[in-house]
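Please model the entire structure based on the sequences and the hints provided.
The lines below spell out each chain.
Protein chains: 4
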Amino acid sequence: MNIKPYSRKAHYYETDQMGIIHHANYIHWLEEARVDFMEQIGFGYDRAVSSGIDFALLGVSCEYKSMVRFNDIVEIRVSFASLTPVQMTVRYQITDVESGKLRAVGESRHCYFDSNKKRLVSLKKVLPELYDLFASFSPEEGAKE
Amino acid sequence: MNIKPYSRKAHYYETDQMGIIHHANYIHWLEEARVDFMEQIGFGYDRAVSSGIDFALLGVSCEYKSMVRFNDIVEIRVSFASLTPVQMTVRYQITDVESGKLRAVGESRHCYFDSNKKRLVSLKKVLPELYDLFASFSPEEGAKE
Amino acid sequence: MNIKPYSRKAHYYETDQMGIIHHANYIHWLEEARVDFMEQIGFGYDRAVSSGIDFALLGVSCEYKSMVRFNDIVEIRVSFASLTPVQMTVRYQITDVESGKLRAVGESRHCYFDSNKKRLVSLKKVLPELYDLFASFSPEEGAKE
Amino acid sequence: MNIKPYSRKAHYYETDQMGIIHHANYIHWLEEARVDFMEQIGFGYDRAVSSGIDFALLGVSCEYKSMVRFNDIVEIRVSFASLTPVQMTVRYQITDVESGKLRAVGESRHCYFDSNKKRLVSLKKVLPELYDLFASFSPEEGAKE
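Protein chains in written order, with the working numbering: chain V, 18 to 162; chain Z, 18 to 162; chain U, 18 to 162; chain S, 18 to 162.
In case anyone wonders, no lab produced these hints; they're calculated from the structure.
None of the values given here were measured: they were computed from a predicted structure.
The hints are all genuine.
Which copy? The list can't say, so a pair holds if one copy fits it or any two copies do.
Derived lysine-lysine pairs resembling BS3-like cross-links, with alpha carbons at most 27 angstroms apart:
id: 1; residue 1: Lys-82; residue 2: Lys-118
id: 2; residue 1: Lys-135; residue 2: Lys-118
id: 3; residue 1: Lys-118; residue 2: Lys-21
id: 4; residue 1: Lys-82; residue 2: Lys-21
id: 5; residue 1: Lys-141; residue 2: Lys-21
id: 6; residue 1: Lys-135; residue 2: Lys-26
id: 7; residue 1: Lys-82; residue 2: Lys-141
id: 8; residue 1: Lys-142; residue 2: Lys-82
id: 9; residue 1: Lys-134; residue 2: Lys-118
id: 10; residue 1: Lys-134; residue 2: Lys-82
id: 11; residue 1: Lys-82; residue 2: Lys-135
As structure tokens, this is what we get:
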């Protein structure tokens, strides 16, 4: 399956008084790209949620390489840094569409949470279809197959 | 009961590239002031929510009089423009603490929503204690008493 | 000129604990639609800004008609409620793409600010090209022509 | 000098549809705590900025330990993980005031940027007063003195 990078414009309300996009907004962008990725692979985030599974966030990080300004269009590439039955680390690469320059790289680490049972679960057990989909995009997991 | 205006600092991440606080943040401030008002009158917003009552927002407006900048401290005064058993209009006045200058005035219009029955209700009937509290701050209602 | 409504998805981070899009985000959406409108008419907001003209916001309002949820796609139609050489009122209509239901209507009122001279100006005098463009979309102004 | 932890309430508009504070808002809180820290040590962020020095963000990270809900009061402790003339890493510990439970830990990495010369600078050279203040709070630097 061919995944397209997630593309979006930087909004005026996302700027700060330095005249650049405020860094906290990138965390929003990572989420947008993650949601878009799940839709592209055919298992939308809302479908996971309606199956009773949520992706509890364990941690997030972002390294800023160069500045994004109002009206710039950025592309975000999503990949898996690691995937296990109980946890995944998603990696993001934000580039400027016009210049191709790298703007930021990020990571988010998630575990799987059963919202009815209120406890952590193995995605491999509770939603094997989604786990296998993720695995097909994970280099480590893919190597094992 | 003597209500103190709600006071807060303007944050860096609330600025935009014009070097002023972006207008959408004022809508957040109105909500903060509303929540603070309810706490001061002894009936916190979370207590209303846990009673099954939510304040569905019908409309909001804000008129911008002068600019707020990073680190400015503003005070927000909350009052009732109108109050009926099924609807209320809350009024807000945002002033700069240091200069006393008026920064903005706003209004929010709410009805009362029973989150279990999923329907609009009369606050006077379902939470008379809170309605009477509100009424004691409403000039129109106060005049009737 | 045929203007397409501005279309966008509601993001997860825009939801609140009632499970709906928090009302303050609509104010962001109005801005996104306004910026998109200016691009479509061929005079981007950044071009106005680089000409030294900013659109100082005098007031904003939004009436909420029905709820928007995560992943809903909304369309925003932009029109002029009024236009004069020194002030304009922009009107917005937010509808749900799938159901066609009206979600909200909004208005924003702006004057024109010369960012170098730090004073209000007549758009008709300082940027007649943009003023005429706006006027061609304004029913009142259009009627005069 | 005795630095008080930065204290703030979690706002309603910061919640998401899981009923908890959305993770991106923590990044805002780190900034608020950083700005508060600088004010407490007597060298406000705006004073640094008006000296022509800005703190360019190189990276930010946050590890989420337990959930924060609407109206919870959190305390944020700020310290230096490292400090050199050209870069600093600030560490944050977010705890719940009522229970004392750890909610999150974060880090932000900054370099110093001369906004007139548009280039990175040594804080030790351009603002030695501020550098020495920071150093007095940095265990590593303090050990050298």
